[in-house]
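K.L.:
One-letter residues, chain by chain:
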Amino acid sequence: MITLENVSKTYGAETTIGPVSFEIPAGGVTALVGPNGAGKSTVLTMMGRLQEVDSGTITVNGRDITGTSSRELAKTLAILRQENHFITRLTVRQLVGFGRYPYSRGRITVEDEKYISEAIDFLNLTAYENRYLDQLSGGQRQRAYVAMVLAQDTDYVLLDEPLNNLDMQHSVQMMKQLRRTADVLGRTVVIVMHDINFAAAYADQIVAMNDGRVSTVGTPAEIMRPDVLQGIFHTPFEVVDGPAGPLAVYY
Amino acid sequence: MPDVLKTSSAGPDSAQAPASTADRPRQSGPFTDSRHRTRYILLVAVLVLVSAGSTLGILLWDNKAAPGTRAFELIVGMRMDALVVIAVVAFCQAFATVSFQTATGNRIITPSIMGFEALYTVIQTATVFFLGAAGLTLFAGGAQFFLQAGAMVLFATALYTWLLSGRLGSIHIMLLVGVVIGGGLGSLSSFMQRIMDPNEFDLLTARLFGNIGNADTANLKYVIPIVAVTGLVIWLRARRMNLVALGADVTNNLGLNHKREVMVSLFLVSVLMSMTTSLIGPMTFLGFLVATLAYSATDTYDHRLVLPVAFLIGYAILSTAYFVLRHVFYAQGAVTVIIELVGGLVFLFVIMRKGRL
Chain L
1 MITLENVSKT YGAETTIGPV SFEIPAGGVT ALVGPNGAGK STVLTMMGRL QEVDSGTITV
61 NGRDITGTSS RELAKTLAIL RQENHFITRL TVRQLVGFGR YPYSRGRITV EDEKYISEAI
121 DFLNLTAYEN RYLDQLSGGQ RQRAYVAMVL AQDTDYVLLD EPLNNLDMQH SVQMMKQLRR
181 TADVLGRTVV IVMHDINFAA AYADQIVAMN DGRVSTVGTP AEIMRPDVLQ GIFHTPFEVV
241 DGPAGPLAVY Y
Chain D
1 MPDVLKTSSA GPDSAQAPAS TADRPRQSGP FTDSRHRTRY ILLVAVLVLV SAGSTLGILL
61 WDNKAAPGTR AFELIVGMRM DALVVIAVVA FCQAFATVSF QTATGNRIIT PSIMGFEALY
121 TVIQTATVFF LGAAGLTLFA GGAQFFLQAG AMVLFATALY TWLLSGRLGS IHIMLLVGVV
181 IGGGLGSLSS FMQRIMDPNE FDLLTARLFG NIGNADTANL KYVIPIVAVT GLVIWLRARR
241 MNLVALGADV TNNLGLNHKR EVMVSLFLVS VLMSMTTSLI GPMTFLGFLV ATLAYSATDT
301 YDHRLVLPVA FLIGYAILST AYFVLRHVFY AQGAVTVIIE LVGGLVFLFV IMRKGRL
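Just so you know, the sequences run in chain order L and D. Numbering follows the UniProt record's numbering, in which position 124 of the first sequence is assigned residue number 124; successive positions increment by one, without gaps. Numbering follows the UniProt record's numbering, in which position 136 of the second sequence is assigned residue number 136; successive positions increment by one, without gaps.
Hints may be right or wrong, so weigh each one.
[Stated by the list, open to error] Footprint (simulated), chain D over chain L, 3 or more residues, beta carbon under 8 Å: (1) 48 to 54; (2) 179 to 185; (3) 216 to 223.
[Said to hold, decoys possible] Interface residues of chain D toward chain L, partial, derived using beta-carbon atoms under 8 Å: (4) 34; (5) 36; (6) 38; (7) 172; (8) 253; (9) 257; (10) 261; (11) 297; (12) 301; (13) 352; (14) 353.
For the record, the hints were derived by calculation from the structure and aren't laboratory data. Built from N, CA and C at the ideal position, the CB exists for glycine as well.
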């Protein structure tokens, strides 16, 4: 379980994120949704200790992340940002191999190779594992990054807008794979995303943020109501019944 | 490319694509396949051969004394000093530039951006300006050498600890401030040079080009251990540097403190740069050239493979240029000029041919 208690972060004099308090239960998929500038990514990167918390505490499995060694935390929690640009040229397998760094410190063992192969196979990248990242399509590259954080073998996987720059087909594919990550591998997946319909279709819990604060936490059924959605996104909503659950219409 | 298109049109949950790796073991590592490994070994062999050739050339070419005599040994000994300087310079430039580019996550800039050369130039210019031509002879020897090297390390360390650990915490701002300070020091130097006695200016100019002949070999006994220890530390940190090259977010996610790694790397870079610059003067284009060629030739992320190749390329280029200029054209002193001309052309050729950095 990840617990946030009165977590806040200040940028300059005007912009403040938080105080934010909520819990992410172990297991399942949690989606962080909200309009631009709501603070979703900031909260996620603070959970992943990529940004420091100005005040408040974040605990992962009961351990305060500021007091835990970064190396130990890397075996419990993995985070992937949306922008990944490397100066070195890597093959898919080499990239995924870096996910084993917390365990191997750069010396890949036979056991590490097993985890690497599993992560690659899980994301259907087996045929491309010896390709260089710059030879892949955007969707394949995104999957390779996810494979790296899966090879890290952590209880928690945090992803910052993994659907960014993916077309519809690859978005669906990515969400199905993340759903399987939670169901088959038993990981806790936390995703920042924009598309409320995607969140409703694939997440178990939705945390809605607004103006730097958490406005609503609930199951997709609880969130997918016109009044709730309008409060979050400040735009008129209609909710219709789709074949696989409620659909938000806003265009 | 057709493969990529085929699978993306096959649909999201298409059955597992047939493994392209059936014929070889599924293994990670810095080499993608055995051909890559063979190419690397061949590359090292060629570089060692070229280096050995130019080394023997420098030692023996036109050595008029008969082998075995005292005169022969004296000549070889003197030429050996030049080779040691070449090795030290190649080592410092190669290791410093590769480490610097990894730490800053940028393969276009060189450590000179931190103002090492500008500082060297201003110190040399100020020496001549205030003490006259006699100052240059005064400003030689161990103590002065360390004063100058220490000033460079101090300057660089102050710059990045201030700019990287503060609220700004941005490597780009640090580089920008480095450029601005470097530019300021450069103007200060050219101001002093403008109002300097022309004869003194002539003496000074000789010191402002990187030149193997500039080196005071008496200082080598301090320089070599310092460079060796620094190089060893960089070597031991090579695996961390592999990770640092992936950027701050990935590095921190995998449990390594990116900022600390960068600061340690920059400190080591400043030590190496201060050593080579104090020894022979500015020669950063060599570092840039060597690093770029090494990335291109090795084509791997692993610093344990890139660093030795970068050093070997540096040694091969520098010793060959020195040999050709000194023993074939009798034009010593112009090594930097030749490296920038020929090296620049080689660099452009490699980039054009490969189509990427």
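K.L.:
Give a verdict on every hint.
P.N.:
Against the structure, the hints come out as follows:
1. 48 to 54: Our answer is that it holds, as 3 residues pass the Cβ test (under 8 Å) against chain D, meeting three.
2. 179 to 185: violated (count 0)
3. 216 to 223: violated (count 0)
4. 34: violated (12 Å)
5. 36: It is violated, given that the least Cβ distance between residue 36 of chain D and chain L is near 10 Å, above 8 Å.
6. 38: Status violated, d = 16 Å.
7. 172: Hint on residue 172 of chain D: violated, closest Cβ of chain L at ~14 Å, above 8 Å.
8. 253: This hint holds: residue 253 of chain D lies near chain L, its Cβ roughly 5 Å from the closest one there, short of 8 Å.
9. 257: holds (6 Å)
10. 261: Not OK, violated: residue 261 of chain D not within 8 Å of chain L, min 12 Å.
11. 297: Check failed: Cβ of residue 297 of chain D comes no nearer than 13 Å to chain L, outside 8 Å.
12. 301: Check passed: Cβ of residue 301 of chain D comes within 4 Å of chain L, closer than 8 Å.
13. 352: violated (18 Å)
14. 353: violated (16 Å)
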